[in-house]
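Enquirer: With the sequences and hints as input, model every part of the structure.
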Amino acid sequence: MSLRNIVIGAGGHGKVIADILLSGKQEVLGFLDDNPAREGHTPIGLPVLGLIARWSDYPDAGFIVAIGAQHIRQQIVTQLEQGGKPQWITAIHPMAAVSTFTTIGHGTAIMAGTVINADARIGQHSIINTGATVDHDCEVGDYVHIAPGVNLAGGVRVGNHTLVGAGATIAPYCAIGDNVTIGAGAVVINDIPSGVTVKGVPAR
545 MSLRNIVIGA
555 GGHGKVIADI
565 LLSGKQEVLG
575 FLDDNPAREG
585 HTPIGLPVLG
595 LIARWSDYPD
605 AGFIVAIGAQ
615 HIRQQIVTQL
625 EQGGKPQWIT
635 AIHPMAAVST
645 FTTIGHGTAI
655 MAGTVINADA
665 RIGQHSIINT
675 GATVDHDCEV
685 GDYVHIAPGV
695 NLAGGVRVGN
705 HTLVGAGATI
715 APYCAIGDNV
725 TIGAGAVVIN
735 DIPSGVTVKG
745 VPAR
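Quick note, in our numbering, the sequence shown goes up one by one and the last residue is 748.
It is worth saying that the hints were derived from the structure and are not from the lab.
Errors might be hidden in some of the hints.
[To be verified] Label pairs and their in silico Cβ distance ranges: (1) V745 with S600: 46 to 52 Å; (2) A656 with N723: 36 to 42 Å; (3) S643 with S600: 34 to 40 Å.
[What the hints assert, rightly or not] Pairs of lysine to aspartate or glutamate, EDC-like flavour, derived with a Cα cap of 20 Å: (4) K559 with E583; (5) K559 with E571; (6) K569 with D601; (7) K629 with D604; (8) K629 with D663; (9) K629 with E583; (10) K559 with D578.
Quick caveat, the model's predicted, so the values are computed rather than measured.
Beta carbons are placed, not taken as given, at the ideal position from N, Cα and C, and that holds for glycine.
Expert: This is how it looks when you write it as structure tokens:
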């Protein structure tokens, strides 16, 4: 029997995640969100059920954290795991082309139009956004955001909590550290150490 799912975060990203689940014929009960301005709203026709702390009211539900900011996403995951054992789900759009030889961690979202090729490995609670490509043998860490239109060539490694901005390209076998921000449209042709921001062509 399939889970009845709840999306944590009722903003724009949350609506996209809920739509992915619905497109895959999965049941979505609604959203949990700590923004009081969203109380009583029905994004894409689904109710905001209450604050995030109410997740334990739904012991049989599956959950996914739909927050774009990597560190906030991790804070919410940690909050829930300290309070119990949530059932994390993945959200994979039916129009994503994902190799059967790919590994995808729980809590991760794969948007429409993405291509993920053989032996790529995607970590937990990450986002592979609309139209991005992840080629063979890539390794993408936990709490990563691969933004729309990004191209990761074969063998690229992306560390935890890293943001690869929209339309960026990373050349084959480059290694990107943890907590890196790569600007939109950047072209990365060399390894990038942890904790830095780079932009431009080539990225510096």
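Enquirer: Please go over all the hints and tell whether each is borne out by the structure.
Expert: Right, here's what the structure says about each hint:
1. V745 and S600 have their C-beta atoms about 48 Å apart, which keeps the hinted 46 to 52 Å range intact.
2. The hinted window of 36 to 42 Å between A656 and N723 is violated, with their beta carbons roughly 28 Å apart.
3. Between S643 and S600 the beta carbon distance is about 36 Å. The supplied range of 34 to 40 Å therefore holds.
4. At roughly 15 Å between alpha-carbon atoms, K559 and E583 fall within 20 Å of each other, so this suggested pair holds.
5. Pair hint K559 plus E571 holds up; C-alpha atoms about 14 Å apart against a cutoff of 20 Å.
6. At roughly 24 Å between alpha-carbon atoms, K569 and D601 are farther apart than 20 Å, so this suggested pair is violated.
7. Proposed proximity of K629 and D604 is supported: the alpha carbons are some 11 Å apart, at most 20 Å.
8. Restraint check: the Cα-Cα separation between K629 and D663 comes to about 29 Å, which exceeds 20 Å; the hinted pair is violated.
9. Pair hint K629 plus E583 does not hold up; C-alpha atoms about 26 Å apart against a cutoff of 20 Å.
10. Note on K559 and D578: the hinted pairing holds, with a Cα-Cα distance of about 15 Å set against a maximum of 20 Å.
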